[in-house]
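Trainee: Sequence:
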Amino acid sequence: MIRRSVHAPLCLALVLATGPVLAQPKTDPDWPCAQRKVTTLGYGSFWTGPDLAEAGEWGNDREAAQLARKLASRRTELREADTLLDEFTEKLDPAEKGKRLTRVFAGVFEIINGERNTVMSGISRYAQGQRRLAERIRDEADKVSELKDSPDSDSTKVASKEAADLESQFNWDRRIFDERNQSVSYVCEVPTILEQRLGEIARRIQARL
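Quick note on numbering: the working numbering labels position 8 of the sequence shown as 899, and the sequence is numbered without any gaps.
Please note: incorrect hints may appear among the correct ones.
To be verified - Within a straight-line C-alpha distance of at most 27 Å, the following computed BS3-like cross-link-like pairs (lysine-lysine) qualify:
1) K1034 / K1052
2) K988 / K961
3) K1052 / K1039
4) K982 / K961
5) K990 / K961
For the record, the hints were derived by calculation from the structure and aren't laboratory data.
Computed from a predicted structure; not experimentally measured.
Work out the full structure, taking the sequences as your base and the hints as a guide.
Mentor: Structure (structure tokens):
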């Protein structure tokens, strides 16, 4: 039987879901992660080499673009990066090496930054969905409690059936909410993982300039 005490576990779940956000000043109500939300990355945070704009369009350099895509892909393990970079560098004209390696980084930066932006948008949509679901669960809890507390609920079959259906929906929504809440920590780690990969690739490229 669900009574008004249904709010206790629900409130606890909502506190757990939003706890990391409360640990810092909140600038975006739809950002559920403990990590501070940084919407835009600047390449200067990762790169101390030549100006990317002076290197030319990376997409027009076929070999640099191919390497950039390989290095940016998380399917390529970082231990493979050195071999790929060495093979690319060995074939370069010394006079062009700095410019072409800079193009490689420009491509890696643009690809990873684009992937990160997509992930960031997905996290915000995820949080919005959780917020809407939490509101629906609260409404369902109130309605279930009202039906259970109604003096006619035990004698009226219609009211009893309505309460049972509502209780079933409430339990289902709570299960979905809890399962999504458990995965939020992993989802929030993805932008950090991408930033770390970008920084590591930048370091390895710059070591060859």
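Trainee: Check whether the Cα positions of K982 and K961 lie no farther apart than 27 Å.
Mentor: Roughly 17 Å between the alpha carbons, so the hint for K982 and K961 holds.
Trainee: Run the distance test for K1052 versus K1039: straight-line Cα separation, threshold 27 Å.
Mentor: holds (11 Å)
Trainee: Do the alpha carbons of K990 and K961 lie within 27 Å of each other, as the hint requires?
Mentor: holds (19 Å)
Trainee: Need the status of pair K988, K961: alpha-carbon distance at most 27 Å?
Mentor: holds (19 Å)
Trainee: For the pair supplied as a hint, K1034 and K1052, is the alpha-carbon distance within the 27 Å limit?
Mentor: holds (13 Å)
Checked against the numbered hints above, the structure breaks none of them.
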